[in-house]
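Q: Let's have the full structure, built from the sequences with the hints guiding it.
For reference, the chains in residue letters:
Protein chains: 2
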Amino acid sequence: MILKNDLILRAAKGESIERYPVWLMRQAGRILPEYRAVRNSLSGFKELVETPQFAAEVTIQPVDILGVDAAIIFSDILVVPEAMGLEYQMIEKRGPWFEKTIKSEADLKYAEFDFDIEDRLGYVLEAIKLTNKELDGRVPLIGFAGAPWTIFCYMVEGSGSKTFSEARKMLYTNPKLAHDLLSRITKVTIQYLKAQIQAGAHMIQVFDSWAGILGTEQYAEFSLRYLNEIANAINEVPLTLFSKGAITSVGAIAKLNCNTVGLDWNMDIQAIRAEIGDSRTLQGNLDPCALYSSHAEVADLTNKMLNSFQSKRHIVNLGHGVYPDVDPEKVKTFINTVKEYEIKY
Amino acid sequence: MILKNDLILRAAKGESIERYPVWLMRQAGRILPEYRAVRNSLSGFKELVETPQFAAEVTIQPVDILGVDAAIIFSDILVVPEAMGLEYQMIEKRGPWFEKTIKSEADLKYAEFDFDIEDRLGYVLEAIKLTNKELDGRVPLIGFAGAPWTIFCYMVEGSGSKTFSEARKMLYTNPKLAHDLLSRITKVTIQYLKAQIQAGAHMIQVFDSWAGILGTEQYAEFSLRYLNEIANAINEVPLTLFSKGAITSVGAIAKLNCNTVGLDWNMDIQAIRAEIGDSRTLQGNLDPCALYSSHAEVADLTNKMLNSFQSKRHIVNLGHGVYPDVDPEKVKTFINTVKEYEIKY
Chain A
1 MILKNDLILR AAKGESIERY PVWLMRQAGR ILPEYRAVRN SLSGFKELVE TPQFAAEVTI
61 QPVDILGVDA AIIFSDILVV PEAMGLEYQM IEKRGPWFEK TIKSEADLKY AEFDFDIEDR
121 LGYVLEAIKL TNKELDGRVP LIGFAGAPWT IFCYMVEGSG SKTFSEARKM LYTNPKLAHD
181 LLSRITKVTI QYLKAQIQAG AHMIQVFDSW AGILGTEQYA EFSLRYLNEI ANAINEVPLT
241 LFSKGAITSV GAIAKLNCNT VGLDWNMDIQ AIRAEIGDSR TLQGNLDPCA LYSSHAEVAD
301 LTNKMLNSFQ SKRHIVNLGH GVYPDVDPEK VKTFINTVKE YEIKY
Chain B
1 MILKNDLILR AAKGESIERY PVWLMRQAGR ILPEYRAVRN SLSGFKELVE TPQFAAEVTI
61 QPVDILGVDA AIIFSDILVV PEAMGLEYQM IEKRGPWFEK TIKSEADLKY AEFDFDIEDR
121 LGYVLEAIKL TNKELDGRVP LIGFAGAPWT IFCYMVEGSG SKTFSEARKM LYTNPKLAHD
181 LLSRITKVTI QYLKAQIQAG AHMIQVFDSW AGILGTEQYA EFSLRYLNEI ANAINEVPLT
241 LFSKGAITSV GAIAKLNCNT VGLDWNMDIQ AIRAEIGDSR TLQGNLDPCA LYSSHAEVAD
301 LTNKMLNSFQ SKRHIVNLGH GVYPDVDPEK VKTFINTVKE YEIKY
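Protein chains in written order, with our numbering: chain A, 1 to 345; chain B, 1 to 345.
Derived by calculation from the structure, the hints in this document are not laboratory data. It is possible that part of the hints are untrue.
Treat identical chains as interchangeable: a pair holds within one or across any two.
Said to hold, decoys possible - Below, simulated BS3-like cross-link-like pairs (lysine-lysine); rule was C-alpha separation at most 27 angstroms, straight line:
1. K162 to K176
2. K304 to K339
3. K93 to K46
4. K176 to K304
5. K100 to K162
6. K162 to K332
7. K93 to K162
8. K103 to K332
9. K187 to K100
10. K330 to K162
11. K13 to K133
A: Pasting the structure below:
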């Protein structure tokens, strides 16, 4: 299938672009009344994730309604630990919760690391195929997974946490088990991402949501090492690495074999560009709270960000997932401002 | 009263010291069975905070039991918004919760900013006096308050949050009200800190717990500006500013009129020392999770940190409050390792 809009793929590869591509993390989701209508017709979040026709429907909504330059498959990073055998519940207002966790070698019995991806995660692959069929080449489709470190955090801690002290504890008390678990997660993640590409994902993003809780040295040892394995394994399509909060590791991330480095809203685009040069595309990073401003201010803040780029190697996004109570009309102002911006490079 | 151990005050001022001083954030608290015995004899956390004899008792426990070089008055940063009229509840496993919040100019009616500190926060001042009496000069007593930005976060959001998007929203939708509220909080905070010094606090620490959720520019506008007012107003005793997560603002914080800059466990001591020179004392920053290691490893990790100092201008601490399930014996190993370390500067 020929893509009618391949702007984001060209931007990722550093090729010539006529304008900056734009999409939003969590664009398929709670901000859209059309999403809530689908969601409320189902038993819950997990039914939506696990039913390809509904996942495809909400994946495509922001392409139609908001006019983004890419779709991202509607799913969750926690489908991977679940496929391993650690089932999770999504508890209203509290987030994910796992009954079983891995805190010792003995707990490894709760998880399997050698299984058929199609067998346990086929619903995601099916959703990718269905989405591409219905998108009919209008925009590329992004596949994704959590970074091994972030998946490790949930598998050890068993829920979200401000400090993830249970997960970080293992780095001190049993680093061998931590590396063993991280290696196994990495292996499954690579298989899963390759299956997504095989199913039709045009681009891959790896989310390291809990990067910010580790210092630079521990991040290198317990996360970068595994991101490196993934980056070396995924060569079929452009790869984006987004390590939220890893301010002191951005330079090291940019040295991995990826196309694009995602930036959160606290990261300074110009300082990072100066540090890493022009060999990687940067993605981000408007503060999601900027979309609470008036339309005129959203446009101003977006233009200010665009003016800071000084390179064609950018994919526009927010610095975090769009917040649920943001007015979709403000999102449109953000997107339209990017589309109207005249690129200088 | 003459202090028998004034090591931490000399370290803060950059004077000569015979060894590095050491204390822990949250040292008076859940790690000690002696604390839990007092806490469990009362109706709850707030009774403990509000009753000077009990607050003094738990403040002194770590001096006796752990051998730290400073006591910090047992209290909570949220006593300030409460004194303003926004009462909070401490909900088990969920943290603080405020019934009333400030989201508009009209909501300012819920809070008073011009009141007698002695009248509403006299219990803290009384606890300081009682603690000093019972300490009898064994170690200095640290007073504290939350930074205006962090107090603002709670007053607007009404509870803890991963993103504090309600609080950050106001920075875009109504920056005038945000500055108005921050100014008022600052004024009260300065009065409160001066009252603590008057009551006998030998040193002051300001905690900016939610510094890390703002980018560099917004941090300068909505937090540093008010920390600067506090730093210029508090000259009677040494002042420590601890902005957790503000990695890109540490240089700017060190330029404020303070003695000591607190570092979280993700901050690189040597890089920061190289950036700011030797004009400020640094405080921190062992990863609290390091205390889950074996005794030998706790000693190794502590020595590794001490070796990185390369200056006498250090106060040893963790990079975050000690976690509740840490073995107090490991804390002693940490403290004793610091005490045995031979200072080279």
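Q: A separate judgement is required for each hint: does it hold in the structure or not?
A: Outcome of the hint check:
no. : hint         : verdict
1   : K162 to K176 : within (24 angstroms within a copy, 30 angstroms between copies)
2   : K304 to K339 : within (14 angstroms within a copy, 51 angstroms between copies)
3   : K93 to K46   : both (15 angstroms within a copy, 26 angstroms between copies)
4   : K176 to K304 : between (46 angstroms within a copy, 21 angstroms between copies)
5   : K100 to K162 : both (20 angstroms within a copy, 24 angstroms between copies)
6   : K162 to K332 : between (32 angstroms within a copy, 26 angstroms between copies)
7   : K93 to K162  : both (15 angstroms within a copy, 12 angstroms between copies)
8   : K103 to K332 : between (45 angstroms within a copy, 26 angstroms between copies)
9   : K187 to K100 : within (21 angstroms within a copy, 49 angstroms between copies)
10  : K330 to K162 : between (30 angstroms within a copy, 23 angstroms between copies)
11  : K13 to K133  : within (25 angstroms within a copy, 68 angstroms between copies)
Checked against the numbered hints listed earlier, the structure breaks none of them; every hint is satisfied.
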